[in-house]
Amino acid sequence: MERKAILRMILLFGVLFLLTTSMVGVNAQDDDDTETEEADDFEDEDDDGVDDETEEENEREVEVEVQDYEATIKSSKESNGVEESIEIGVHAESDGIQFSLEYETENETSEKELEFEVTFYEIIEYIDDNDNGLYNESTDTLVQTYAIETFNPIVYTTQNTTNGMVHTLEVTTSDGIFAARVYATGEFADINGTTVAPNEIKIDVIIDGFDYHNDTSQLAMKVELEASAEKEYDDETEDEEEGRATEEEGVDFTNNDYSGFFTWKETATVDGVDVAVKSSLTEASENEEELLLNYPRGERIVHDPKIGVANIIESPSAMADLGAYLPIIAILGVAIVLGIVLKVRRG
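Per numbering that gives the first Met the number 0, the very first residue in the sequence shown carries number 0; after that it's consecutive.
Hints are supplied without guarantee of correctness; some may be wrong.
To be verified - Think about it this way: if two alpha-carbon atoms lie no more than 27 Å apart in a straight line, the pair counts; the simulated DSSO-like pairs of lysine-lysine are: (1) K277 to K230; (2) K73 to K111; (3) K264 to K221; (4) K264 to K277; (5) K277 to K221; (6) K111 to K76; (7) K76 to K221; (8) K277 to K73; (9) K230 to K264; (10) K221 to K111.
What the hints assert, rightly or not - Cβ-Cβ distance ranges computed for the label pairs, FRET-style: (11) E105 to R299: 21 to 31 Å; (12) S137 to I176: 45 to 55 Å; (13) E231 to D207: 43 to 53 Å; (14) N191 to S284: 32 to 42 Å; (15) I126 to E60: 41 to 51 Å; (16) R299 to V154: 38 to 48 Å; (17) T138 to N310: 34 to 44 Å; (18) N255 to G80: 13 to 23 Å; (19) A146 to S314: 38 to 48 Å; (20) S78 to D214: 51 to 61 Å.
Because the hints were derived from the structure by calculation, they are not lab data. Computed from a predicted structure; not experimentally measured. Glycine included, each C-beta is placed from N, C-alpha and C at the ideal position.
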């Protein structure tokens, strides 16, 4: 009887093995049609290029408060017992336009956070003597500096679009030469041809009617990056890796398990034409770095950086991918059970 029981277990294992291997074969055959199936499953009712299921999984609640020269954008989300929030302060001050980001996650046992600041504070006009497209104070001729320091009150508007509510802050200097147009949304949205995710804000930097003092000069904007977190240049941003953007670069701010970013397009629109933007990054102090964004000469320059938190966009397909491994899991499970039975009977 004991031998017959063992034979029955072996026979059962053999049947399950054949069944699961046939499932693997079917999965392998289906791989040829993966792209077609994914295209069929992809649903995008609002035409923003992002699957509706992904949008629903990552939707955030956005609140905006504005008072004269200061504004706060707060977006929050709760998932699986974890509360997390992104708070971005916008301050129009005498030393520039400052964006301060604070990210917090909290559950029953712990709380973590990430902080950094980005400030647009000066535009320089210079003659590029070595013709490399980058300002260098030791080799190029400085013509003048323009301090970004006096502002009109911040203007706040909202627009209800097919991508949900889009919040816009308009920050302009008193003379109208410099402006920063800030966009925030609680879900993925197509804003002026750029996909903006709910974990970030988009900023249109606009330089309009700059008073050049030289006929052959060009401009560079000085940006101060401040954080106690580790800072690292990134030539391929998260939005690029996920297919939401192309031709971006930026700086990552990493603190323990969390990472924030300040990124920018590698091109700007100068008088209606897309042209290359060159950047240089230098360390100013232990916690500060100075970024120079260099623009070709033009009457109207438009560039669009982004600020946000990385690695918090959830993908609903993650669990679905587990299905491909179920046959292997089944085989291992049967093998373990068989091994236990044989060991017990021998004992």
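**Request:** Starting from the hint list further up, note which numbers the structure goes against and sort them upward.
**Result:** 7, 8, 10, 11, 12, 13, 16
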